[in-house]
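*Asks:* Start from the sequences, fold in the hints, and give me the full structure.
These protein sequence lines map, in sequence, to chains A and B. Residue numbering for the first sequence follows our numbering, starting at 1 and increasing by one per position. Residue numbering for the second sequence follows our numbering, starting at 1 and increasing by one per position.
Quick caveat, the hints were computed from the structure, so don't treat them as lab data. Quick reminder that beta carbons are idealized off the backbone N, C-alpha and C, glycines included. Each hint can be trusted.
So the derived label-pair ranges between C-beta atoms look like this:
(1) B:Leu92 <-> A:Pro121: 50 to 60 Å
(2) B:Lys206 <-> A:Ile189: 50 to 60 Å
(3) B:Leu208 <-> A:Met210: 43 to 53 Å
(4) B:Thr205 <-> A:Arg287: 47 to 57 Å
(5) A:Leu61 <-> B:Asn196: 37 to 47 Å
(6) B:Ile289 <-> A:Gly205: 27 to 37 Å
(7) B:Leu208 <-> A:Val60: 47 to 57 Å
(8) A:Gly278 <-> B:Ile289: 48 to 58 Å
(9) B:Asn196 <-> A:Arg48: 20 to 30 Å
(10) B:Thr89 <-> A:Met210: 35 to 45 Å
(11) B:Thr89 <-> A:Gly206: 47 to 57 Å
(12) B:Tyr146 <-> A:Glu112: 28 to 38 Å
(13) B:Ser263 <-> A:Glu138: 42 to 52 Å
(14) B:Ile289 <-> A:Gly206: 23 to 33 Å
Simulated pairs of lysine to aspartate or glutamate, EDC-like, Cα-Cα distance not exceeding 20 Å:
(15) A:Lys207 <-> A:Asp281
(16) A:Lys323 <-> B:Asp259
(17) B:Lys147 <-> A:Asp141
(18) A:Lys119 <-> A:Asp129
Beyond 12 Å from chain B on every Cβ pair, some chain A residues (computed):
(19) Asn73
(20) Leu284
(21) Lys323
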Amino acid sequence: MNERPILPAEDTLDKESFVFVGESWSPGAEFNAKPVGFFRDALARLCRNVPSVIAFFVIVLVVFLALFAPGFNAYGFNEQNTDRVNMPPRVQGLENLGILNGSRVLTNRRTEYFGDTEKYPEGAILSYDNIRTIRGVEIADVTVNYYVFLGADDEYYWMGTDYLGRDLFTRLFVGARVSLLIAVLSVLINAVIGVVYGAVAGYYGGKVDMIMMRITEVLGSVPNIAVVTMFILFFGTGILSVILALVVQGWIHAARLTRAQFYRLKVREYVLAARTLGTGDRALIFRHILPNAIGPLITTAMIAIPGAIFAESFLAYIGLGIKAPLASIGVLLAEAQKNLMSLPYQTFFPAALISLLMIAFNMFANGLRDAFDPSQRGKD
Amino acid sequence: MCLTLFLVVSISFVVIRLMPGSVYENPELSTAVLEALDSKMHLNEPILTQYYYYLRGIFVDGDWGVSVAIEPSVPVFKILMRRIPISLTINLASLLIAIPIGIAMGTVAALRKNKPSDHIISFLVVIFISLPSFVFASLLQYFMAYKLGWAPIIYQPSVSFLEKISSLMLPVLALTLWPVATVARYLRGELIETVNSDFMLLARTKGLTQGEATVHHAFRNSCLPIVHIIIPMFANILGGSLVIEQIFAIPGVGGIMIDAISSYDHALTIAVVIFYTAISLLTIFVMDILYGVIDPRVRMGAKK
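*Replies:* In structure tokens, the structure reads:
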């Protein structure tokens, strides 16, 4: 075959371009970049996961709003105004687009008063329909601009007001603050108790482990709903008792997980090496084993946060939530549920916020799990 | 199991009795009436004696006490017997609907891993798990019942069977979401693991198609862990139905628990707590037994 020579002919090569390897270049010199640690690696993987990044920013946004949004308008979260009860939402700018324009349907109104500017100020009536005559009186359902109707044309309640005339925008984000506080604190306490308990049980093993795990089994077999209910009944409602009620059984999961991790890790060579060098038990547990077990623990804690938000709202729904003046998202939902049919906006905003928050937390936790454990990737 | 039940009964009895507030704190009742009530209900005796009377009532006479506030002077047992079937109906129905859907979704997602259908299902699963059941219930109630009028807004008792079904439809639907997502998510994870295992390779080698191999070999192996999560799920949904029952005004056990607590109807509260405890313990028990039936390895282990 008439092949092209693979190498150029010898005489075309420059002698000077050939250098002995050992003289100026040593293998490994190119690898002096910083070693990529476990957390940096996980962070890089997390950043490539688009849904998690979006979820992260949603969480940051909600936290920011929860911290600062109550100051965005002049209304206090417990400021009652009996002249402005159950106002529909109205937002500057958006009202011109026909949404959130403060309109509200008043049913069964006498049509004869529609021209009366005493009852219906000018511009109050947007439309009316369903005209019918009952017992000689003509009545209709009329859609009014409720703000004009009440002579409050220059006021804006962005999410409306509740049955006591409290601004729901402020209340919603004060509620989000409370909900987040309860969720984060209870998860944090759970994690700390669970990790210490599980670490001790897993590290020492044997009898200690057996007794400690029996305790968790007995505690865990009591139905959650019974424990939480009785706990709150006993200690009364309030932020602290809700947090504690979520802790009573919540730490068990973290304890079991930590124990399993410790069982796996405590037989590793590096633990043996550290022990040989005379490291004490406490240092072994917290300095050597725990950092290696932390990935799944963080993930579990993140997954537990939406669970705690849900549990708190759930308790609020069954009337065991936060005390009256203060609100949480669950309390707002439970209050709004009572007049869902006539005032759906009162349900809509808290429902949207809690759903958004829980979806964001779950997505973020999923991304975190994938980041910490690449072998679990895509395994839901 | 019995020990746990006993512990819960004891603790709840003591806690609830020690709770502040009582129906008898009524200024209209004279001291004489109060004293008479106290001695009849053994309220003036130490708590241990009260507990003894309570347990004796249950075991000797089958007497769970009498409701004092919710439905005055109706035996608690009767109230519960009337309400438990309703709660169980909606819970079992939602579970029965959820499991096939969840299994189908999980299987599809696992077989089409990392394809669009998998991504859609995984996204739905996250939404379903995240969306609180009461939010979904409110949405259903507002749009399907109120706006569209497809189903009654609240539960309607004492009507024809068909109407009863339609009024239970929305609560059941609201309860279905979470189990569907849980089953789908779990099954997907399990199936993906099994599909990649060696025996699946063997099944393919001997000439089965991917579908046959999945149905006959992978699926059975994945069913085991599924049972493991489905049964405890029942107790979970039962807890969740508390709120759903309240939203749809269903006269089940959930609603009465809250009412009983807030109106100091102690005998009723204790009975409901016992009911929940018994259900959750029962599910654990059933699961242990079923494990032996489904998984031959457990049976073999027990015989040795």
